[in-house]
Every structure is written in structure tokens, then in C-alpha cells.
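K.L.:
Given these sequences and hints, build the entire structure.
Residue numbers (the working numbering), protein chains in the order written: chain A, 1 to 228; chain B, 1 to 301.
Be aware that one or more of the hints could be misleading.
[Said to hold, decoys possible] Below, in silico cross-link-like pairs of lysine to any residue (SDA-like), each with a Cα-Cα straight-line distance of 25 Å or less: (1) A:Lys123 with A:Lys216; (2) B:Lys10 with B:Thr260; (3) A:Lys111 with B:Thr260; (4) A:Lys172 with B:Asp230.
[As the list claims (entries may be wrong)] Computed footprint of chain A on chain B, listed as stretches where at least three residues anywhere in the stretch have a Cβ under 8 Å from a Cβ of chain A: (5) 250 to 262; (6) 267 to 274; (7) 277 to 287.
Quick caveat, the hints were computed from the structure, so don't treat them as lab data. The C-beta atom is built at its ideal place from N, Cα and C for all residues, glycine as well.
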Amino acid sequence: MPVFDLSHTPLRDLNSALHNLGAGSNDTLFEVVNPRGHHAVAVGIDAPVTVEVKGSVGYYCAGMNDGGTVTIHGSAGPGVAENMMSGTVFIEGDASQYAGATGRGGLLVIKGNAASRCGISMKGIDIVVRGSIGHMSAFMGQSGHLVVCGDAGEALGDSLYEAKLFVRGTVKSLGADCIEKPMKPKHLAKLAELLAKAGITDVKPEEFRRYGSARKLYNFNIDNADAY
Amino acid sequence: MCGIVGLFLKDKALEPRLGSLLSDMLITMTDRGPDSAGIAIYGETSDGKAKVTVQSAAPGADFLDLAEDLAKAGLTAELAVKSTHAVILIDQSDLANIRSVLTVVRPNVRIMGSGESVEIFKEVGLPKDVVQRFSVRAMGGTHGIGHTRMATESAVTTLGAHPFSTGADQCLVHNGSLSNHNNLRRELIREGMSFETQNDSEVAAAYLTAEMAKGKDLGQALTGALDDLDGFFTFVVGTKTGFGVVRDPIACKPAVMAETEQYVAFGSEYRALVNLPGIETARVWEPEPATVYFWDHEKTA
Numbered sequence: 001m002p003v004f005d006l007s008h009t010p011l012r013d014l015n016s017a018l019h020n021l022g023a024g025s026n027d028t029l030f031e032v033v034n035p036r037g038h039h040a041v042a043v044g045i046d047a048p049v050t051v052e053v054k055g056s057v058g059y060y061c062a063g064m065n066d067g068g069t070v071t072i073h074g075s076a077g078p079g080v081a082e083n084m085m086s087g088t089v090f091i092e093g094d095a096s097q098y099a100g101a102t103g104r105g106g107l108l109v110i111k112g113n114a115a116s117r118c119g120i121s122m123k124g125i126d127i128v129v130r131g132s133i134g135h136m137s138a139f140m141g142q143s144g145h146l147v148v149c150g151d152a153g154e155a156l157g158d159s160l161y162e163a164k165l166f167v168r169g170t171v172k173s174l175g176a177d178c179i180e181k182p183m184k185p186k187h188l189a190k191l192a193e194l195l196a197k198a199g200i201t202d203v204k205p206e207e208f209r210r211y212g213s214a215r216k217l218y219n220f221n222i223d224n225a226d227a228y
Numbered sequence: 001m002c003g004i005v006g007l008f009l010k011d012k013a014l015e016p017r018l019g020s021l022l023s024d025m026l027i028t029m030t031d032r033g034p035d036s037a038g039i040a041i042y043g044e045t046s047d048g049k050a051k052v053t054v055q056s057a058a059p060g061a062d063f064l065d066l067a068e069d070l071a072k073a074g075l076t077a078e079l080a081v082k083s084t085h086a087v088i089l090i091d092q093s094d095l096a097n098i099r100s101v102l103t104v105v106r107p108n109v110r111i112m113g114s115g116e117s118v119e120i121f122k123e124v125g126l127p128k129d130v131v132q133r134f135s136v137r138a139m140g141g142t143h144g145i146g147h148t149r150m151a152t153e154s155a156v157t158t159l160g161a162h163p164f165s166t167g168a169d170q171c172l173v174h175n176g177s178l179s180n181h182n183n184l185r186r187e188l189i190r191e192g193m194s195f196e197t198q199n200d201s202e203v204a205a206a207y208l209t210a211e212m213a214k215g216k217d218l219g220q221a222l223t224g225a226l227d228d229l230d231g232f233f234t235f236v237v238g239t240k241t242g243f244g245v246v247r248d249p250i251a252c253k254p255a256v257m258a259e260t261e262q263y264v265a266f267g268s269e270y271r272a273l274v275n276l277p278g279i280e281t282a283r284v285w286e287p288e289p290a291t292v293y294f295w296d297h298e299k300t301a
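P.N.:
Structure (C-alpha cells):
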């Protein structure tokens, strides 16, 4: 198992090694120690490799991940798992702003809390947060699921498209065009699937409420101008 | 972009290391702002004495005989010169006069800050050079703040560097940009405040000074800033015994805080905090938007 100690190994060496993994490579598990808040740790993975990061990271960790499994045994700075295509990113601690932004696929699991703009412009990613999320989360969310076991901050789902939002706790306020919607059996089934994938066993799908788009802002209509 | 750091010590045993810890934090934030750097340190006080930190573009000429010239003007002063800055130690009662005396005896000297305990050092250049130039590592103290600047709102000059100090023992560092600073500056000038730069952050500092002059404590002044200042900001501020943090309601400028039994620390990024003692077990969190965080030695003592 390759181990990269970022206290003396350049970050570029780690990312190059991850980018150079060919099909059928024998290196399937990487360990990163002493990340010390470094930026851009393990970005651009496009192989089914597992990366264990032992500590807290800075900006853009695991960005553009396509097929990798990255676990951060600490907290993550802004933009973690930004634009993920597929694969899984687990964060044991908290995540800063815009976690999972613009993600097109894959699963992001945050065991702690996420700050503002979690899942902003999400485009197919599934995000499960064990704790709470900050303001303006899922802003312009286009598709995918955001599951929040705790509370949501102000303006949840502002200008939302078709991303589906599930919140177990309180929602401080809903953003423009975001409304509560009925929880149907298919939603409960999807929630159960996502919670199971995230390894969360102590909360039930029935405890959540569902939020989605009222679909009034899709196309500009002068009658809706006040809602913007 | 700018990088901000701050460290408020609760444990006296760490006080001799304040300058060294802050220097490491500041240097780590170099790539957030390589234009200029500055640091304010709240150090030792001596009874009845006040400190005035001054800066000169020609320190050799301006600081030579400065103590004697101040004496001729009736002010007893001791001078400690550090590179382009000098800390003038005077009687507390002379603090009100020294500004006008300096404009006569040394018109080219600029006042960086004054008060019972604060010393402020700031210059253009990389943080590692700035901290070395002023021997910041050797400084002890109770709390301090620092800033690495990426200039956006005004020129890259020594006066445009942070921290900004507009009142005795008060100073502020800012990451962000204000949108109503010109209007607010006019209002503050009407209230009697004076300004040295066109910098938006100086307006924020002056606003807090003016509010505290009306009897508010730092926490109350910071709460008022949320209503009266428009734009993006993360502020870290110091007073003689206090340390405060506030972010605007949008809170897009980054901020991380850590607290242990020994200290409260602030950094624009977690990287800035990784060398602090006991950081592995510290409570680390991101300050909430539109929320004032405030610690005071006199209140916790």
C-alpha cells in the first residue's frame, strides 16, 4: 500500500501517482498522512482506487472524483468533492462551504456538519449529511438527492430545479421556488437506500420531510418576477 | 483574497511564544495575500505609560534625535527602533498630544497605532520578510492579529496594509470588500473621525472605534457592524483585553476557529492553525454568518 506523507512529500507526487493508475493496477489502496490542511488532496481520480486521508484537508479535496473511494479522517475545507462524477467520498468530521458543488454523480457522506451552499448546483450527486447544513444549500440544484439528518439553514433549495431534498430536522427558511412536497413510498425507499449506503442506521426515512421545486421559475414569466 | 490570523491566549505560559506562533500562522497564509503583511501584538503594559508605533520611509533621518526633539516639545519619550518602525514610550497623559506634536517635529512620520499595550508593524512585501524585519518571533504578549493582503480596494502601500488602528489599543484586519465605505467614511468624518487612506477596511476600523466611543463594548459594536456595513467581510479585531470575530450574513469569506483551554485561534484556513499546540484535540469550527464571537481577558479572568 503506497503511503504519502504530505509533511515531506510534494502533493504533486500523490496526485500524479493517482492519475497514473492504469487499468488493472495492483495499487488499489493509498494512505495519505499529515495532510495538515493542504489544498487539492487526491483530486482528479479516475480509477476505482481507495484513498484514506488521515487528518484534515483544505480546499477542493477529492474534486472531480470519478470512481474512487476517498475517506477523510478529519474535516474538509471549502469545495470538497466538487464536481464528482462517480465514486464515494466520506468525511468523518465537518465540511466547509460548497461541499459536493456541481457534482454529477457518486455519493458524498459527511458525518459531521456541512457549512453554507452544500450541494450548490448539484447535477446528479447524492449527498448525505449526518449533522446539519448551512444557508443557501442546494441552490440551483438540478438533479440528485440531498439528505440532511439534522437541520438546514436559510434559503434551502433556492431556485431549485429537480434535485430532491430530504431534511429530518428544522429548515430555517425555504429559498425561492422551493416547497415542501409529500413523501411517497418511492421517496421513502430511495431515502432508505441512501441512508444504508451512508452507513446510517439509527434514523428512519419516515422522520424526514421532502422539499422540491414548485417549478415556477423554470422559464422567465413576468408574473413570477417577485419570486426571484 | 487576503489571509487573516488571530491568537488570543488564555494560558499565561504561552505568552512568550505569541510572536512566534503568530508568525508561523501568518507565513502559512502568504499565498492568500503576498502584497503586504502586518501584525498587531498586545504586549506588556507599564503603569501610566502608553506606546505609539510610528513608521517612516526614511527611518535613519526621522528616528535620529526623535526622542530629543519630542523632549524639546515637552514630551518625555523613550524610543525603540525596529527597521522602518519605532515604538515610542510616553506618559499616558501625553497620548492626546503626541499626534499634533509629531506633525510638527516629524511631518513625514506616520502613526500606525497607539495605546497601552498594542504595537503594530506592517509593510509591503512577503509575510516572512515582514516578520523577520520587525523581529516579530521574539515578541511576547497576550493576544495578536495578523494579515496578509491581496490588494483589491486600494493601493499597495504601507498605509494600505492591515491591521488598521483607529483608536487606542484597537485594531482590525479584514478579508473581503465593503460596498458602502465611501458613504460611511463621509458620515464618520462628520462625526469627527479622521482617515489616512482610501481603504475600505480603515472605514470598518473607524466605524468600530466611533461606536465604542459612544459607550458600546466591542461585542456590541460588532453587532452594529452587521447592520451598518454592507459588503463581504470577515473581521478579526483586537482591543486592549478583547478579541472578536464577525462575518457578514453571506459569509463567503473563509474562516476557521479553534479553541482549547490554552487559546482561541482564528485562521482564514485550517492550514494556518496546524502548528498550534494541542490543535489535534482542539474544538475546531467555522464561525456562523452574522454571528459575533468575542472573548475578553477581563471578563474571563
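K.L.:
Does each hint hold? Answer for all of them.
P.N.:
Hints versus structure:
1. A:Lys123 with A:Lys216: holds (19 Å)
2. B:Lys10 with B:Thr260: holds (9 Å)
3. A:Lys111 with B:Thr260: holds (22 Å)
4. A:Lys172 with B:Asp230: holds (23 Å)
5. 250 to 262: Coverage by chain A holds for the segment 250 to 262 of chain B (4 residues, Cβ < 8 Å).
6. 267 to 274: holds (count 6)
7. 277 to 287: holds (count 3)
Hint violations for this structure: none, all hints satisfied.
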